Amino acid sequence: MSIIREPKSIDNTSKCYHCGDACISDKIVSDEKDFCCQGCKTVYEILNENELCAYYDLEESPGLTLKDADEKSIYDFLDNQAIKSKMLDFSGDHHEKVTFSVPSIHCSSCIWLLENLDRLNDAVIDSKVDFSHKTVTVHYNPEVLSLRTLAEILDSIGYAPLINLDDNGDKKREEETYDRQLIIKMGVAGFCFGNIMLLSFPDYLGLTGIEQTYQSFFRYLNVLLALPVVFYAGADYFVSAFKSIRQRYANIDIPIALGVSVLFLRSFYEVAWGIGPGYFDSLVGLIFYLLIGKWFQNKTYRSMSFDRDYKSYFPLAVLKSEAADLVSTQVTELKRGDEIAMRNGEIIPADAILIDNEAAIDYSFITGESEAVQQTKGDYLYAGGCHTGPMARMIVQKEVSQSYLTRLWNDEAFNDGAESRSIIDRISKYFTLIIIGIAVLAGVYWQLTDPANTWLVFTAVLIVACPCALALVTPFTSGSVMRVLGRNRFYLKNAAVVEKFSSIDSVVFDKTGTITHTTNKAVSFSGEALTDQEKALVLPIVTGSTHPLSRLIKNFLGETREKYQPESYTELPGKGIEATVAGVRILLGSSSFVGENSSQVPGLTKVYLKIGERLRGSFSIKSQYRPGIETCIQELGREYGLAVLSGDNNNEAGALKQFFPADTSMKFNQSPESKLQEVKGMQEQGHAVVMLGDGLNDAGALKQSDIGIAVTEDIAAFSPASDAILEASALSKLNQLLSFGKSSRKVIWASFVLSFLYNVVGISLAVIGVFTPLIAAILMPLSSISVVFFTTFGVHLLAKKFKLS
Amino acid sequence: MSVILILIITSIIVALLFLGAFYWAVKSGQYDDTYSPSVRMLFEEKKSKKSKSETHGV
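For the record, the sequence lines run as chains D and B.
Just so we're aligned, residue 1 is where the first sequence starts under the working numbering, counting upward by one.
Just so we're aligned, residue 1 is where the second sequence starts under the working numbering, counting upward by one.
Hints are not guaranteed to be accurate.
With a cut-off of at most 30 Å between alpha-carbon atoms, the simulated DSS-like pairs for lysine-lysine come out as follows [stated by the list, open to error]: (1) D:Lys800 to D:Lys733; (2) D:Lys606 to D:Lys320; (3) B:Lys27 to D:Lys84; (4) D:Lys667 to D:Lys746; (5) D:Lys680 to B:Lys27; (6) D:Lys86 to B:Lys27; (7) D:Lys15 to D:Lys27; (8) B:Lys27 to D:Lys667; (9) D:Lys606 to D:Lys680; (10) D:Lys86 to D:Lys243; (11) D:Lys294 to D:Lys803; (12) D:Lys243 to B:Lys27; (13) D:Lys86 to D:Lys493; (14) D:Lys320 to B:Lys27; (15) B:Lys27 to D:Lys622; (16) D:Lys622 to D:Lys563; (17) D:Lys320 to D:Lys97; (18) D:Lys733 to D:Lys493; (19) D:Lys667 to D:Lys563; (20) D:Lys800 to D:Lys493; (21) D:Lys535 to D:Lys667.
Hints listed in this document are in silico derivations from the structure and should not be mistaken for laboratory results.
Quantities reported herein were computed from a predicted structural model and do not represent experimental measurements.
Put together the whole structure using the sequences plus the hints.
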């Protein structure tokens, strides 16, 4: 599924008309346009046939490469009535409406194409894209077009829908209502804020003579306008404060709720007794700014969906044998002893035993290692493996919820709900107590000296110390930090992750897929160079095989002029392929298979080729390090303790030691569970660990580590649940990114100091009793605005310092 | 001076109408996706369903 961007610095490149990638090995020319792969060309042809080429006019090369999507996804589970009814938004006789989540939506061309689906298929009545949520809602006629065909059409034009029944349910709707409510609350608060500001002017400027008659009119209007803000827009803060008091734990919302209620009661008291205008403008402004901060923060990370758990890797349904028939069945209904049939490219949903003679299982989803494992009849297959090759039958051994993969997930690391408390919460606990203490002490002092001032001072202290600036610091700093990191293709799951950066002292790497490329392995041929004729003989053999190594060799050989069909073809599991092409017997496989003695070379996988009776040589497949990784690791080594945890064998230990510091601990042949234990062990020794990994085999360790970073080629592709997602191309900047994340704490502290200074000045003035409502009204919004400005500016300065864009 | 009372009350009522319009706009989903409409309005007008099915039968 993952979409790989090839390095773009290849000689005499032409860009693919569809996806804009460089055309490397097999350039395909059609209609005088270059395409990098068959997939891109097919999409172009479909669009061209239906006069949809305006797609290419809106943005330059808007498509996504289909180079790796050689296996078509299977959507026949959408014929299952139970699944279908869960998917549909609306179902009637001639109308059905469905909303698909399509992660690859990324530009205006996508919107245009997906909204013109009715030109591709007449049964589509109407389609609409929601760009922010990356969904497309299709309204179609079910008598002509089935849901499954619809999904297949989307897949065929490069917009494969991501189907996960959990996603389509209540959670999304909840999110939507929350979004809408927040916007309405902002609207209400902003409306009241503006009106109250206007109505407060007369009081500020001073009313004389006849104008005095209207004074109470203005003031009561302010009370009226403040009511919806306090009791509707600001209600969340009261609810949150109330909850935290019940749990005997002080969070930041307590001082906010306290400040808001004191401001409101005090102002109301002033107005009701005709003492003064109150502080309604500050009160409403405070809530308005707080809501804006919240919205800003939500918006920053809403664009990314991180909630892909292991279920999103899973098929929703599989074919189950029922009385000689194969029926599509939901995976959750599978029971022990059921016989299921897996087709090429499907993921095994539950641990099972193979009953066909052989099957190749690619466990790369679990282990990250790309070579398929050959299994024979009676072998135990683990859930999460991807079946490659012809259909294979197996008997389910465990229910989906009890299999290996879900067990890993249910490990306690995954159920750990208690997030570390944020800095702001820790501070606010003392903050609240100290402020109340100061207010009480000042009140007592004035009670003894000048009782008339007691309540004025008491409330003034609470009002001026109201933590609006303090409460804004973290959301705005984290928001800016996340935006800067996002621009550098490092996406954090939420603001709490920013605060965790400061304590990091160790970095743990997974090897395959993280330090090395999973798919872009370098293939070379040792021996006398192959002639075109020989290449033409070998090509049909590797084309017919689903083994990952065969695919790499196929890409290496490229296209040949002459095409052959093999006359005979046998693939021996774990050994190689024996075939006859154009009357020549060809052997391709391991050294023992072709009858050759060989020595193991670290970091190399060798595939030997024998044409006729002559050993022609061997293909060496070397895993390639990501560009820039050496310098990056040397830089990291100076500041952090490093470790490597690999599920692979230790072939490459020697090569890794060349650029890893000498004290790096390297462990190989690690199972997902032992990776998790390893990270846990480091934490128990007092280290704060960043874990970088890519596959599901790292998922446990990612979750256990303090910051789990999933490294992925494309953020729209599947990646395990984690705290952050790092695009592989940005991996070489890891050191800068981490240092930047660490330093962002300094901005938070500096902003705290700034807002504390405001508070100290304000509180001192309040305590000595010189505070007037006018100063409070000016100081409070001013302090909030200057803090917001300061954090944003500070973060950008830091970004410059670390040379991040 | 009492005209001020009338003016202020009128202006607040008018403003409330706009707040109501804003509420309706949010509830009807106009703020859910603020990007696609801005692009959509630049697309060419779709052909009507009927004439389209005559020219592009699939």
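Regarding the pair Lys86 (chain D) and Lys243 (chain D), is the alpha-carbon distance no greater than 30 Å?
violated, 35 Å
Distance restraint between Lys243 (chain D) and Lys27 (chain B), which requires alpha-carbon spacing of 30 Å or less:
holds, 28 Å
Taking 30 Å as the top limit, are the C-alpha atoms of Lys680 (chain D) and Lys27 (chain B) close enough?
violated, 47 Å
Given the hinted pair Lys606 (chain D) and Lys680 (chain D), is their Cα-Cα distance within 30 Å?
Judged against 30 Å, a Cα distance of about 36 Å means the pair is violated.
Holds or violated: are the alpha carbons of Lys733 (chain D) and Lys493 (chain D) at most 30 Å from each other?
holds, 19 Å
Compare the distance between the alpha carbons of Lys667 (chain D) and Lys563 (chain D) with 30 Å, and conclude whether the hinted pair is satisfied.
Roughly 46 Å between the alpha carbons, so the hint for Lys667 (chain D) and Lys563 (chain D) is violated.
Just to be careful, I want the Cα atoms of Lys800 (chain D) and Lys733 (chain D) compared with a cutoff of 30 Å; is the pair within it?
Between Lys800 (chain D) and Lys733 (chain D) the Cα gap is close to 14 Å, so the pair holds against 30 Å.
Quick one, are Lys320 (chain D) and Lys27 (chain B) close enough, alpha carbons at most 30 Å?
With a Cα-Cα distance of about 44 Å, the restraint between Lys320 (chain D) and Lys27 (chain B) is violated, given a limit of 30 Å.
Regarding the pair Lys27 (chain B) and Lys667 (chain D), is the alpha-carbon distance no greater than 30 Å?
violated, 55 Å
Tell me if the straight-line CA distance from Lys667 (chain D) to Lys746 (chain D) falls inside 30 Å.
violated, 35 Å
Taking 30 Å as the top limit, are the C-alpha atoms of Lys27 (chain B) and Lys622 (chain D) close enough?
violated, 57 Å
Given the hinted pair Lys86 (chain D) and Lys27 (chain B), is their Cα-Cα distance within 30 Å?
holds, 25 Å
Checked against the numbered hints listed earlier, the structure breaks hints 2, 4, 5, 8, 9, 10, 14, 15, 19, 21; every other hint is satisfied.
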